[in-house]
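Colleague: Here is what each chain is made of, one letter per residue.
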Amino acid sequence: MDMEDKKAGKVCVIVLNGRLDAYSSNKLDDKINSLIDNGCQEMVINFEGVDYISSSGLRVILSAVKQLRKNQGDVKLACLKPYVMEVFDISGFTQLFEIYPTEEEAVNSF
Amino acid sequence: MVSITIELLMDLLEKISVILVIAYLITRTRFFHEILDKKFTRKNMILFILSFGFISIFGSYSGIVVDGAMGNVRDLGPMIAGLVGGPIAGVAVGLIGGLYRYFFIGGITTLPCSLATIFAGLFAGIIYLLNRGKFIGIWGAVIFAVAMEAFHMILVLLIAQPYSAALAITQEVYIPMIISNAMGALIFAIFINNLNKERETARERDEYFDELTRKKYELEIAHEIQDSFLPHEMPHLKGYDIYAINIPAKEVGGDFYDFIPLSEGKIGITIADVSGKSVPAALFMAVSRTVLRAKATSNCHPSQVIKEANELITSDSKKGMFVTLFYAILDLKNKTMNYVNAGHNPPVMFIRKMGDLECLKTKGIALGAIDTMEPEEKEIKLEKGDVIVFYTDGVTEAINDKEELFGEKRLYKLVKVNSDLSAKEIVDRIKDEVIDFSKGLSQFDDITLMVLKVDDQKKNKMNSFEI
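These protein sequences, in sequence, are chains D and P. For the first sequence, the working numbering gives the first residue as 61, with consecutive numbering after it. For the second sequence, the working numbering gives the first residue as 2, with consecutive numbering after it.
Any given hint might turn out to be false.
To be verified - Below, simulated DMTMM-like cross-link-like pairs (lysine to aspartate or glutamate); rule was C-alpha separation at most 20 Å, straight line:
{"hint": "1", "chain 1": "D", "residue 1": "Lys-141", "chain 2": "P", "residue 2": "Glu-404"}
{"hint": "2", "chain 1": "P", "residue 1": "Lys-410", "chain 2": "D", "residue 2": "Asp-134"}
{"hint": "3", "chain 1": "P", "residue 1": "Lys-320", "chain 2": "D", "residue 2": "Asp-81"}
{"hint": "4", "chain 1": "P", "residue 1": "Lys-319", "chain 2": "D", "residue 2": "Glu-146"}
{"hint": "5", "chain 1": "P", "residue 1": "Lys-320", "chain 2": "D", "residue 2": "Asp-90"}
{"hint": "6", "chain 1": "P", "residue 1": "Lys-320", "chain 2": "D", "residue 2": "Glu-146"}
What the hints assert, rightly or not - Stretch-level coverage of chain D by chain P, calculated; a stretch enters the list once three of its residues show a Cβ under 8 Å from a Cβ in chain P:
{"hint": "7", "region": "93-99"}
{"hint": "8", "region": "115-123"}
Derived from the structure by calculation, the hints contain no laboratory data. Predicted, not measured: the structure shown is a model, and the values here were computed from it. All residues carry an ideal CB built from backbone N, CA and C; glycine is no exception.
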């Protein structure tokens with residue numbers, strides 16, 4: 061799993077590529093925590109290159125949104141492939157996150 | 002003159018070869034390793050100082066005498082001793098070599114040469130302290146040796162009398178001495194570097210094995226926790242056939258199922274999947290299962306059970322842990338099932354009368370995700386021959402060697418085709434297909450399957466306890 065982070069104004073954007081399974085989820089968790097520790101409040105996760113997400117992946121994203129919303133921040137999601145969307149849908153997480161078709165729309169929604 | 006220089010250089014290099022063999026043997030000893038680990042004891046310090054003192058004395062001699070003085074590699078002993086063992090060792094070795102030079106070898110350079118050897122140990126010790134006890138590295142050691150020997154020559158020129166003789170000696174020996182001491186320092190530093198790398202690798206290997214062992218125990222513990230919270234017997238329900246299995250992945254995923262006896266003629270049925278893996282997942286599974294049981298026995302509406310269970314689980318879920326869960330209350334006599342789906346893979350129901358499948362979905366979200374929820378509850382009517390297959394994503398997300406998912410379609414087809422079989426047979430059939438599908442690949446996630454079937458013929462199953 062490759063992950064790249066960048067800034068779009070105040071918003072931190074993480075672009076993911078590959079399988080978000082139990083192993084890569086730990087990496088993503090570290091990445092998100094270090095961004096939050098560095099003061100990131102508004103986050104967009106771009107799932108453009110993600111074909112698979114496990115429950116560990118959902119856990120990391122849920123943990124991020126819980127932490128950020130405590131401080132009036134948020135996590136928004138972009139570019140979910142159909143399979144990933146289905147996983148979000150089954151678990152009910154689509155009700156929990158704002159999901160956008162493109163990264164740009166997600167960034168601009170803040 | 003050039004021939005003397007070359008002859009001296011060759012002679013010193015020969016000497017160094019012998020010294021390095023001795024040095025190599027020293028680096029393999031336990032006391033040397035203890036010094037490298039900075040576990041200084043009186044014993045290892047004495048052995049260390051004596052060894053390098055011997056090297057220093059041995060290095061004092063070469064076969065070539067230049068105007069009464071000898072080219073030598075005496076400073077090498079204290080330099081290495083100081084760089085590796087610190088100022089005390091450096092100075093002590095320097096004193097051994099220096100005093101030996103002072104009392105047992107004569108000539109006009111006696112005083113400066115003795116002092117140089119003591120200074121070599123002192124400077125090396127200071128470098129050790131400045132570098133906080135870390136070995137200075139290969140090139141650091143070489144540069145130090147070159148500088149030290151240049152300093153040695155300057156001392157001879159400053160102190161030895163007469164100056165003309167001191168100059169003549171210096172001109173003769175400075176190139177061979179600088180080169181040979183630098184070579185000695187280089188090779189010795191390579192020994193130490195290699196030794197340090199070797200030790201580092203060994204340490205990493207040990208840590209890795211420790212980690213593996215710990216991981217293995219952790220997996221076993223997770224297994225045990227999970228296993229101890231799963232029912233080990235199937236309930237015998239009059240008019241129904243029910244069967245379930247859980248095949249944990251090597252790294253358990255916290256799947257569970259449960260049968261909760263409620264008031265007469267009613268039973269709670271659940272299947273769930275906890276986020277994450279291993280011990281955290283197993284513990285969260287144990288908590289979720291217990292919370293659900295407690296709430297289920299005090300409430301007869303699945304939506305209320307889930308709402309209350311969620312509140313407890315969310316308050317316990319610190320790191321984003323959550324559990325997808327399907328909970329139903331089966332009314333045995335009235336043949337109805339009220340259910341709530343909290344973000345779980347929808348169970349699939351084969352409706353005999355229509356010969357078709359239906360997914361048991363409700364609007365819901367995994368427990369632990371949000372503080373309060375109002376889960377939707379639905380009711381279905383069951384009829385003879387109907388089959389409900391409950392499962393976790395370990396079934397549909399099993400992968401084959403072409404990285405294809407097992408998927409719902411294959412599962413649905415199996416349910417339809419095998420709906421005439423008993424609950425256990427249906428479970429086994431699906432399980433075999435999934436295992437066959439991902440043949441040769443390691444199982445990624447727990448596989449949990451449960452089948453509830455409404456008896457379609459008058460069977461006599463009176464040999465079992467009933468709820």
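Colleague: Hint by hint, say whether it matches the structure.
Modeller: Okay, the hints, checked on the actual structure:
1. With a C-alpha separation of about 17 Å, the suggested pairing of D/Lys-141 with P/Glu-404 holds against the 20 Å cut-off.
2. Between the alpha carbons of P/Lys-410 and D/Asp-134 the distance comes to roughly 36 Å, so the proposed pair goes past 20 Å and is violated.
3. Straight-line distance between C-alpha atoms of P/Lys-320 and D/Asp-81 comes to about 17 Å, which keeps the hinted pair within the 20 Å bound.
4. Proximity of P/Lys-319 to D/Glu-146 is assessed by CA-CA distance (about 25 Å); at most 20 Å being required, the pair is judged violated.
5. For a cut-off of 20 Å, the pair hint linking P/Lys-320 to D/Asp-90 stands: about 12 Å separates their Cα positions.
6. Of the pairs offered as hints, the one joining P/Lys-320 and D/Glu-146 is violated, with about 23 Å between alpha carbons and a cut-off of 20 Å exceeded.
7. Counting residues of the region 93-99 of chain D whose C-beta sits closer than 8 Å to any C-beta of chain P gives 0, which falls short of three, so the coverage hint is violated.
8. For the region 115-123 of chain D, the assignment as covered by chain P holds, since 8 residues bring a beta-carbon within under 8 Å of that chain's beta-carbons and 3 suffice.
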